[in-house]
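Keeping their order, the protein sequence lines are chains A and B. Every letter in the first sequence is one number past the one before it in the numbering used here, and letter 3, counting from 1, is 3. Every letter in the second sequence is one number past the one before it in the numbering used here, and letter 1, counting from 1, is 1.
One or more of the hints may lead you astray.
One copy or two, either will do: identical chains are not told apart, so a pair holds if it fits within one copy or between any two.
[As the list claims (entries may be wrong)] Pairs of lysine-lysine residues, derived as DSBU-like cross-links and limited to a Cα-Cα distance of at most 35 Å, are as follows:
1) 121 x 136
2) 47 x 136
3) 47 x 142
4) 58 x 47
5) 121 x 102
6) 121 x 43
7) 47 x 121
8) 43 x 102
9) 58 x 142
Worth flagging that the hints you see were computed from the coordinates, not collected in a lab. These numbers come from a predicted model, not from an experiment.
Protein chains: 2
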Amino acid sequence: MRGARLASVAILACLLSVGALAQPQRPSDEQRIRQLDRDWVAKVAAKDLAGTVAFYAKDGVVMAPNAPPAEGTAAITETWRGILGLPNGSLTFAPTRVTVAKSADLAYEVGTYSLAFDGAKGRVQDQGKYVVVWKKEGRAWKVAADIFNSNQPATP
Amino acid sequence: MRGARLASVAILACLLSVGALAQPQRPSDEQRIRQLDRDWVAKVAAKDLAGTVAFYAKDGVVMAPNAPPAEGTAAITETWRGILGLPNGSLTFAPTRVTVAKSADLAYEVGTYSLAFDGAKGRVQDQGKYVVVWKKEGRAWKVAADIFNSNQPATP
Chain A
1 MRGARLASVA
11 ILACLLSVGA
21 LAQPQRPSDE
31 QRIRQLDRDW
41 VAKVAAKDLA
51 GTVAFYAKDG
61 VVMAPNAPPA
71 EGTAAITETW
81 RGILGLPNGS
91 LTFAPTRVTV
101 AKSADLAYEV
111 GTYSLAFDGA
121 KGRVQDQGKY
131 VVVWKKEGRA
141 WKVAADIFNS
151 NQPATP
Chain B
1 MRGARLASVA
11 ILACLLSVGA
21 LAQPQRPSDE
31 QRIRQLDRDW
41 VAKVAAKDLA
51 GTVAFYAKDG
61 VVMAPNAPPA
71 EGTAAITETW
81 RGILGLPNGS
91 LTFAPTRVTV
101 AKSADLAYEV
111 GTYSLAFDGA
121 KGRVQDQGKY
131 VVVWKKEGRA
141 WKVAADIFNS
151 NQPATP
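Excised from the complex, chain A in its bound form:
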């Protein structure tokens, strides 16, 4: 009995492995977007301006606090030139939730960011949150809209 049960388990394990191998290995759209976020953070860490801006759609928009919306590649580039140029700056971000439409032409993520730089009155350490909307352009996911704000109380 014990031998038969072991054999059954072995056969089942074998079938499951073959099943797993037969599955297409293509990442899901959520996995692709999460990877894009990691790649994006790496471009930001490298202060690669063109590489950072390349994640946006041509008609994408960045909505930074205390500034008008920056729409299109030229305006987005100027916004990021400011962020990447912050003295001794560091910025990281990561999604807490990524949701993809069933039609896989639209997705959005909610996440948190951490920004630090040398300000006029000393080191600034900011924590905040963001929404990024992604849209499919051909086969590529591109950022359609990007908006963020701070969790910290406004300076009085």
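Put chain B on the given structure of chain A with help from the hints.
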């Protein structure tokens, strides 16, 4: 010839009218969302707290500047209690762009808001921008995420 041409035009116009009448009169998802925005603004103007919060999904999130994210009905209600309670306050908003996924389970809008209230140092007049993500819950569109920030320079 002239009479025949006029008759043809009349027949064509008639066919087009019948075609238009035969079209289903159901509003598109974009039209439905734009109407929801108008209804939402009306609830805000009426200082109807429950009516204002009812636009959000149960797991929806409001991301106001200078505060942590407010997730779920209780936290969203507290955020809106603060906004609707601003002295002599007025808030309006409207989308500039509404985009619906082909599968019609997800949509987002980009828009602008106008907020005024009596502050400690006089009347505050704020202009800003926002992103609202909508998701389909059954047949109803509900707000999944709502984030905004000011266009105006930070107070020094």
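Discussion item. Need the list of violated hint numbers for this structure, in ascending order.
Written reply: 1, 5
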